[in-house]
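Colleague: The primary structure of each chain is shown beneath.
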Amino acid sequence: MEYIYASLLLHAAKKDINEDALKNVLSAAGIEVDEVRLKAVAAALKEVNIDEVLKSAATAPVAVAAVPA
Amino acid sequence: MEYIYASLLLHAAKKDINEDALKNVLSAAGIEVDEVRLKAVAAALKEVNIDEVLKSAATAPVAVAAVPA
Amino acid sequence: MEYIYASLLLHAAKKDINEDALKNVLSAAGIEVDEVRLKAVAAALKEVNIDEVLKSAATAPVAVAAVPA
Amino acid sequence: MEYIYASLLLHAAKKDINEDALKNVLSAAGIEVDEVRLKAVAAALKEVNIDEVLKSAATAPVAVAAVPA
Amino acid sequence: MEYIYASLLLHAAKKDINEDALKNVLSAAGIEVDEVRLKAVAAALKEVNIDEVLKSAATAPVAVAAVPA
Amino acid sequence: MEYIYASLLLHAAKKDINEDALKNVLSAAGIEVDEVRLKAVAAALKEVNIDEVLKSAATAPVAVAAVPA
Amino acid sequence: MALAMKAKKIADWKIKEVEELAQRLSETKTFIVASIEGFPADKLGEIRKRLRGKAEVRVVRNTLFQLAAKKAGIEIGELERTLTGPNAFIITDKNPFEVSIDISKFKLKRFARPGDKADEEIVIPAGDTGMQAGPILSTFGKLKVQTRVQEGRVFVVKDAVIARPGDPIPIDALAILQKLGVQPVYIQLKMKGAYQDGVVIDAEQLKIDLDSYRNEVAVAGRNSATLASEIALPIPEVLKASITKAFQRATAVSAEAGFVTPETAQAVFSRAVAKATALALAISGSVNLGVVPAQ
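First to last, the protein sequences are chains F, X, R, H, P, E and A.
At position 46 of the first sequence the residue is numbered 53 (the working numbering), and the sequence of numbers has no breaks.
At position 26 of the second sequence the residue is numbered 33 (the working numbering), and the sequence of numbers has no breaks.
At position 15 of the third sequence the residue is numbered 22 (the working numbering), and the sequence of numbers has no breaks.
At position 47 of the fourth sequence the residue is numbered 54 (the working numbering), and the sequence of numbers has no breaks.
At position 22 of the fifth sequence the residue is numbered 29 (the working numbering), and the sequence of numbers has no breaks.
At position 34 of the sixth sequence the residue is numbered 41 (the working numbering), and the sequence of numbers has no breaks.
At position 9 of the seventh sequence the residue is numbered 1451 (the working numbering), and the sequence of numbers has no breaks.
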C-alpha cells in the first residue's frame, strides 16, 4: 500500500500525483522505489477521481468508547 | 490526514515513526510541517499498535466505493 | 445542537450541566441564549446517562455509508 | 475531546473557529486551555470542510433509544 | 480497471495470466496497452492466488448498507 | 461471467458493446463463443445504463454465491 | 345583615389564601399549571405524595391564583389562557422541566371505564376471586376465563390474559377487574404550561422527549468522533480511527484504480467482481448467467 499512501499524501497536500513526486515521498520514507510499480500507480490513478472515491469510501466504525473525557 | 498517511507510509516501510521521519516524508510531499502537531501525533502514535489496528480494519466489511468506472 | 455540544463540553470537563454553566459556555461562543431551551436541556440531560450514550453511539454498527457524490 | 466539542459548538453557531473563540468557550466551561493543543486543533480544522465531514458521520444510523437513563 | 477485467476474463477461461495473454485481450478490446502497467499487473498476479481471492471476494460482505445520505 | 467481464472491459475502454466487439475479446481470451449467449448479452446490455449499475454495485448487498468460474 | 356577614367571612378566607399563595410564589418564582379535569382526586394525592420535598401541589381557583400571582409580581402573560377549567398549581423552586419529567415518569393507574384501551397486559390471575358463584360465572365464560366453583366462590383455573396492550378492554370485564382491584389504564396529569422567574413555558415546550435528547447526544458524540479522527486529533484512541479510515481510503483507491499488489488484490478483485455481479444481475431478467442476488 506504500504507493497508495504516498499518493494520498500528495493528494491531501493538493499536489499533482506523478512519478517524480511519488518517488520523492517514497524515498523520503526510506522505501526503495520499484520503477514499474511507480509508473503503474501513476498511470492507474490518472483514471480515478480520488476525491470521489474518498468521499464514498466507507466511514470507519469510529470507536470513541475509550476516549478520555 | 496527512500525518496519518505519512505514518502509515513509514509503517509500511517498517521504519520507526518519529518526528524526524514524519517531517522528512511530509516535507518531501511539499507539506509545511506544524511542529506542534508533529510532536503530538508522534507521541500519541507511540501508544497505538498500528499492526493491530490495520488487522481489524482489514477484516472489517470491505469498503467499496460507489464510483462509476 | 449548540446546547448539546455545550453540554458535552461541560461533561468532558467534569462540570455539572446546569443552566448557569450552559449559559456561560453558550454566551462565550457568542450564542444568544434561549432561556426555555436552556432549562429544558439542563433538566433533560439529568435523565440521560451521557457516558452510556456516547459509548453505545461509538460501538453501534456504523454502517458504512456510501455518500453519493 | 473538549477541543472538538468546543469547535463543533462554534461551528453549529456558524461562528468562526479560531484560537480566540476556542479559548473563550473552553475557559467558560472551566477548562484550562493548553496553548499548544489549541493552536494545533485550530490549524488542523482550517484544513477540513467540517460540513462535509459531518455529512459522512450523519449517514450512519444512530440508534440509542434503549439506553437506560 | 481494464487490466483487472482482462485478468478475470483469462482466469474465467482457465488461461494463464501473463503479459502476452493480457495484451491479446486488451488489444482485442481496442485498448492501447501500457507495457509498464502490463508488467506490473502480471507480476503482481504471480504472487496472488486468484481462486482464493475470488472465493473470499464472493463471500465477503462486499457491500455495505445503502444508507441514504 | 466471461461475457460480463468482456463487456466491462469494453465499457472501461469506452468502446461500444456489440456482438462483434464481445466476440473479439472473448476469442482473444481463448474462449469459445456461444452465439446465442452473445446475442442475448449484447441485446440485454443495450437496455441497461451500465454506469448507473456500477455505481449501485457498491451499495447493493451483492453476493456472488453461484458465479460459475 | 346576616347575608353581608357571611359574604365578608368568605372574602376573609379568600384573602388569606391569596396572601399565603402570593408569599409562596414570590419565594419560588416557579410553578406548573396542570389540568385536573376528570383526574381522580386520589391520584392527585399520589402525585402530591411523590413530589413531597420537591414541589407542592395546590388546587386553587383560577381567579384566586391569578390574584396571588399578581400580588407576587408575576407577569404570567401567555399562561393566562391556561387558567380555565379546574387546575392544580404545582409550586416548586426547582427547574420546572425537572418536575414535569418526574411527573411524566410516575406510572399512575386507574380502573377501566367503558371504551378504554389496555395500557398493559391484563391478566386475571389463577385462584380464588372471592366472588360468590352466580351469574358472574357466565361473564367469566364470555371472557373465556376457565373457572370452577369451590365453597360457593369462583376460582380461576389458570392465569388468563383478557387484553394485550392497546387492545380495547372488554366491557364485560370491567366489573370483575374492579372487584379484583386491577387498574389497567395509565393516567397522566396534563400539564398546560409553566413559569419560572419571568420565563413562560408553554405546554408544547414542556413536553420533553428524552429519547430525542439521547439521540442528539449520540449524534453529537458521533460527529465529534468523526471530526476528531478526520483531523487526527493526537489522542491514541482517536488515531486508531484515523488509521482505520486512512487504510480504508487507501483500499478504496487501490480497488478503484485496479492497482494490484498482494496486499490490495483482495480489494481490487472484490470490487471488480462486485461490479460484474451487479451488471449480471441487471440483465438477469433477459440473460441467466447463474448469478443470484444475496439476501
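Keep in mind the hints are simulated off the structure, nothing from the lab.
It cannot be assumed that every hint is accurate.
Computed spacing ranges between beta-carbons, pair by pair [unchecked claim]:
no.: 1; chain 1: R; residue 1: 58; chain 2: A; residue 2: 1649; range: 55 to 65 Å
no.: 2; chain 1: A; residue 1: 1469; chain 2: R; residue 2: 59; range: 28 to 38 Å
no.: 3; chain 1: H; residue 1: 39; chain 2: A; residue 2: 1456; range: 36 to 46 Å
On the chain A side, residues computed to face chain E include the following (Cβ under 10 Å) [what the hints assert, rightly or not]:
no.: 4; residue: 1514
no.: 5; residue: 1515
no.: 6; residue: 1519
no.: 7; residue: 1704
no.: 8; residue: 1713
no.: 9; residue: 1719
Ideal Cβ positions, reconstructed from N, Cα and C, are used throughout, including at glycine.
Colleague: Hints first: check each against the structure and report whether it holds.
Modeller: The hints, checked one at a time:
1. In this structure the hint that residue 58 (chain R) and residue 1649 (chain A) lie 55 to 65 Å apart at CB is violated, the actual value being about 26 Å.
2. At roughly 37 Å, the beta carbons of residue 1469 (chain A) and residue 59 (chain R) sit within the given window of 28 to 38 Å.
3. For residue 39 (chain H) paired with residue 1456 (chain A), a C-beta distance near 58 Å fails the hint of 36 to 46 Å.
4. Proximity of residue 1514 (chain A) to chain E is violated relative to the hint, the smallest CB-CB distance being about 62 Å (cut-off 10 Å).
5. The interface hint given for residue 1515 (chain A) is violated, since its Cβ lies 62 Å from the closest Cβ of chain E, which is over the 10 Å cut-off.
6. About 52 Å separates the beta-carbon of residue 1519 (chain A) from the nearest beta-carbon of chain E, more than 10 Å, and the hint is not met.
7. At its closest, the beta carbon of residue 1704 (chain A) sits 21 Å from a beta carbon of chain E; the interface hint therefore is violated under the 10 Å criterion.
8. Among the interface hints, the one on residue 1713 (chain A) holds; its C-beta lies about 8 Å from the nearest C-beta in chain E, closer than the 10 Å criterion.
9. This hint holds: residue 1719 (chain A) has a C-beta 5 Å from the nearest C-beta of chain E, less than the 10 Å allowed.
Going through the hint list in order, the structure does not satisfy hints 1, 3, 4, 5, 6 and 7.
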